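In the order they appear, the protein sequences are chains A and B. Numbers 1 to 429, taken from this note's numbering, label the letters of the first sequence in order. Numbers 1001 to 1351, taken from this note's numbering, label the letters of the second sequence in order.
These are calculated hints, taken from the structure and not from any lab test. Since we're looking at a predicted model, the values are computed, not measured. Some clues are possibly wrong.
Claimed, not checked - Straight-line Cα separation of at most 25 Å, DSS-like style, residue types lysine-lysine; simulated pairs:
| no. | chain 1 | residue 1 | chain 2 | residue 2 |
| --- | --- | --- | --- | --- |
| 1 | B | K1159 | A | K360 |
| 2 | B | K1106 | A | K396 |
| 3 | A | K360 | B | K1329 |
| 4 | A | K384 | B | K1243 |
| 5 | B | K1165 | A | K360 |
To be verified - Which residues of chain B face chain A? A partial, calculated answer using Cβ under 8 Å:
| no. | residue |
| --- | --- |
| 6 | E1183 |
| 7 | S1205 |
| 8 | L1262 |
| 9 | Q1263 |
| 10 | G1279 |
| 11 | D1288 |
Unchecked claim - Partial list, derived from the structure: chain B residues whose beta carbon lies under 10 Å from chain A:
| no. | residue |
| --- | --- |
| 12 | A1170 |
| 13 | L1211 |
| 14 | F1284 |
| 15 | V1324 |
| 16 | I1334 |
| 17 | L1348 |
| 18 | T1351 |
The C-beta atom is built at its ideal place from N, Cα and C for all residues, glycine as well.
The lines below spell out each chain.
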Amino acid sequence: MKLELSVLKITDVKFAHKTDIRDGVLFLNGEELKELLEEDGRLRNVEVEIARPGEKHRIIRVIDVIEPRSKIEKGGPNFPGAIDVQGVVGYGRTCVLQGVGVVVTEFADMVDSDEFRKAVDIVDMWGPVGDLTPYSKLNNIVILADPADGVSIEEYRVALKIAGLKAAVYLARAAEGFPPDEVMVYELSLDREIGKKLPELPGVAYIFQILSTQFNPLDGDPVLYGENVERIVPTILHPNEIFDGAVTAPYGSIFMETYFIQNNPILGQLYRNHGKNLRLLGVIIMNAPNNVDECERAANMAANLAKHVLHADAAILTKAGGGAPEWVMMRTAQRCEQIGIRTALAFLHMGMDVTEPTLKPTSLFYAPEVDAMVSMGTPVGSLKLPRAEKFIGRFKAIGAVNEGVEWPIRRIRGSLSQLGNSRLRALRY
Amino acid sequence: MELRRLRVVHYLNQFFARIGGEEKANVEPRVIEGPTGPGRAIQNALGERGEVIATIVCGDNYFSENVENAVDEIIPLVYRYQPDVMIAGPAFLGGRYGVACGAICKAVKERLNIPAVTGMHAENPGVNLFHRDVYIIQTGPSAATMNEAVSKMVQLVVKIAEGEKIVGPAHDGYIPRGIVVNEMTGQTGAERVFEMLLAKIQERSYESEVLQPKHDRVVPAAPVRLIEQAMVALVTDGGLVPKGNPDGIESVGATRFGEYSLQEEVALKEEAFDVCHAGYDSTFVKQDPNRLVPVDVMRILEREKRIGKLYNKFFSTTGVGTTVEDARKIGRAIASELRAEGMSGVILTST
C-alpha cells in the first residue's frame, strides 16, 4: 500500500470570487462553500469565517479541526462512509493543504457561565491561549451553522462534523493541477517480504484507542469508514488508512481532533524509523469500553492480534477520553507484556494522588508490568483570557469568555494531546 | 547596595539542642539566644547573608503530646524576634521531630506570614503530613548528612526571603508539594514514547515519566450474617444530588460528599434529583435516579423482609479525578457515620 501526499504549503487565506490557490495563498469563495454545506437539510444559516494566525480572534465552541485533504484520482473516495460511498483509502495520491485548518464550531445556547465553561472549547489565534494550541498557527476556515427546524441535537452534531469533512475536501480540491511543494511517500509492506529484508529489526505495532464510551457515542457519528464504532472489537488497519480519511475524531472526543489523526505523530515517528531501527507492522484500533467484560475482551483481543497476527515484539499505546480509558490502555498493555510484547504508553493524566511526595506524576492504575510511560501533561490549570477583538461562534453567555475570565486550560482545543503532538509533561512541584 | 542581613529563628528538639535524650523529651518550649547545635552549621552556611538570632527548643514528647498547645506556645516566641525567615530541623528520620518541624513551619507561615523551611528524609511521617504546606528539603536518613541538608535549606530559605523564583523540587532539593504542573519539554510526546520503547527493546536503561500509585490494602469486612435483620445503607460515587446540588459537590475532583434523607421515599423521584458527575453520560440516571441509587428495589426487599431495613439516608459524592487523599477522607467520614449508626452492610454503586 503506497500513499503519496502531495503537499501544498499555504501561507494565507482570503475571501475571493473564486476558490483558487495562487502563490501559496488560498482564495476562498465563501458563498460557494456555504451553499455546498447548506445542501445538508439538517443545517441552516451556515456561515464561513476566516481566522489567521496572530489575529485577535477567539473561536468559540470548537468541536473538531480537520486538515484539508482530497484524493487526486477521479472518484477516489474522500472520507469513505462519512461523506463518500465506501471505498479503499491509504493508497494512491492525496492532496494536502498544509497550514490550513477547517474549524468546526457548534452553537452554544447555555446562558450560565459555569455551564458554558464546562462544555465549550475555545481557540485563540494569538496571545497566551494561542501559544498553547497548534491550531492558532493555522489559517483557519471556521464553519458555523444552526440546526434546521426539527433536527435533534445529535443529528445536528453529526451534520456539523460531516460539514467539516466536506469543507476539507472542497478546499483541497482547489489545489488540483498544481505542482506540490513536497511529496511525502508512505509505503509499508506488511507481507512477509519485509520480514526477509529486515529480519533483525523488532516489529512494532501501534495500539490506538479511537473512541471512549464513557459518554454515549452519537448515533451515526462517522468515526471509522462511517461507523460510530461504539461496539467495535479491536481490528487491524494499515497506517496509511489513518492518514487518508478512514478515521475521524468522534464527536466530543477529549484532546483528539481529526487534524492529528490525519497527522498522527506516533505513526509519523514509527514510519520515520521503519527500516532503520524497527519494522512498523500496523495499527490495532480499538475503543475503550465502559464495562469490565468488554474491557477484558478488548485488551485480550488487541494483545493477541499484536502477538499472533502481527507478530509484534513491541507496541506503543495511546488512549482516547479520560480516566476509564486509561484503565483499558493499562489492561491492554498488561496483556501484551504477559505474552511477551514490550510496551510503552503515552498519555495525559486525568487524576493524581497529590499526597504522594514523589517528583513524578502517577497513573490511575496499578500494574507492575506496565513500566514505560510518557507523561503528556495533565488537564489542570487555567489562565486569564486577554481581550479579543472578534468572537467567531454562536453563543449567548458572552461574559463567560470575556477579558479577564479565568479559563481552564483543558477547555482550549489543542492545548493537550492524546496523540503525542504536544511537548507538555506533568511534574509535581 | 549592601543587602540587609536576614534575621533567622531556628527550631530544634531537645536532642539536637543538646539538652538531653529521651529522658528530656518532655521539656517545655524555651529560647536560646543565638545559634546552637545545627544552628551553627546554619550560621556558617548563611555567612554574611544572615544571622541566627534565636533558637527555640522543645522536647519531642512535649510537642507530640500537645501539638496545638505547643504550637500556640511557640508562635509568640518566634514573633518576639521578628524574624525574616524560620528554619526548623533538619529532622532526618526522627518522626516526632519531623512532625514538630512541619507543624511549626506551617503555623509560622500561616499565622505570622514568615517563610519557613525544614528538612527531612522522604520517609519521615512529617513529610506526608506537611509536604503540601511547607518546603521540606529532602535529607539523608541521619545527621551524617547534616552539612549538605543545612546548605540546601539555607539556599532555599534565602531564595524565598529575597523573592527569587523557586525553580522546582529537583533543582531546589525540596520534596514535591503535590502541586501538579505542566512543563514544556524539548521533545513531543510521540518522540519521547518512541525513544522509551526503543530503549526498552534494546535493553538500554530508560526512566518512566509516570509512576504507579501505591494502593492501600483493605481487608474486607466479614460477611453480613443475618441479612434479613441487617440495616443496609446506599452509598454512591455517581454524583446523585438533590436538584440544585445543595452541598456543592464538585463535578470533578470532589472534596466532599452529601447525605440525603430517605425517610418517606418508596423510590427516588426523577424531578427531585440531578447528577453532578462529569465523567459519564448521566442521561439514564437523570431519567430514573433509582438506576444509580436503587431505593425502589431496596424498599421491595425491605417489604419482603429480605433485608432488615434500609438506612434512612443515602450518601453521594463524585468519583472522577478525585485525589486519593480526598477519597480516603470522604470514605472514612462516611464509614465512621455508618458504623456509629450500627450499619451491617453497605451497597456501593459506582459508574
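Right, here's what the structure says about each hint:
1. With a C-alpha separation of about 24 Å, the suggested pairing of K1159 (chain B) with K360 (chain A) holds against the 25 Å cut-off.
2. Taking the CA atoms of K1106 (chain B) and K396 (chain A), the gap is near 45 Å; set against the 25 Å cutoff, the hint is violated.
3. For the hint linking K360 (chain A) to K1329 (chain B), the alpha-carbon distance of about 23 Å falls within 25 Å, and the restraint holds.
4. The suggested pairing of K384 (chain A) with K1243 (chain B) is violated, with an alpha-carbon distance near 31 Å, which exceeds 25 Å.
5. A hinted pair counts as satisfied when its Cα atoms are at most 25 Å apart, and K1165 (chain B) with K360 (chain A) qualifies at roughly 21 Å.
6. Hint on E1183 (chain B) holds. Least Cβ distance to chain A is approximately 5 Å, under the 8 Å limit.
7. Because the closest C-beta pair between S1205 (chain B) and chain A is about 11 Å apart, greater than 8 Å, the hint is violated.
8. Restraint check, L1262 (chain B) versus chain A: the minimum CB separation of about 28 Å is more than 8 Å; hint violated.
9. Hint status for Q1263 (chain B): violated, given a least beta-carbon distance of 31 Å to chain A, over 8 Å.
10. Below 8 Å, beta-carbon pairs count as interface contacts, and G1279 (chain B) has one with chain A at about 6 Å; its hint therefore holds.
11. Given hint, D1288 (chain B) at the interface with chain A, is violated; its Cβ is 16 Å from that chain's nearest Cβ, farther than 8 Å.
12. Taking 10 Å as the C-beta contact cut-off toward chain A, the hint placing A1170 (chain B) at the interface holds, the least distance being around 6 Å.
13. Checking L1211 (chain B) against chain A: minimum C-beta separation of about 5 Å stays under 10 Å; hint holds.
14. The beta carbon of F1284 (chain B) is positioned within 10 Å of a beta carbon in chain A (closest approach about 9 Å), and the interface hint is therefore held.
15. Taken as an interface hint, V1324 (chain B) checks out: its beta carbon lies about 4 Å from the nearest beta carbon of chain A, inside 10 Å.
16. Hint status for I1334 (chain B): violated, given a least beta-carbon distance of 19 Å to chain A, over 10 Å.
17. The interface hint given for L1348 (chain B) is broken, as the beta carbon of that residue sits about 16 Å from the closest beta carbon of chain A, more than 10 Å.
18. At about 9 Å, the closest approach between the beta carbon of T1351 (chain B) and any beta carbon in chain A falls short of 10 Å, and the interface hint on this residue holds.
Hints 2, 4, 7, 8, 9, 11, 16 and 17 from the earlier list are contradicted by this structure; the remaining hints agree with it.
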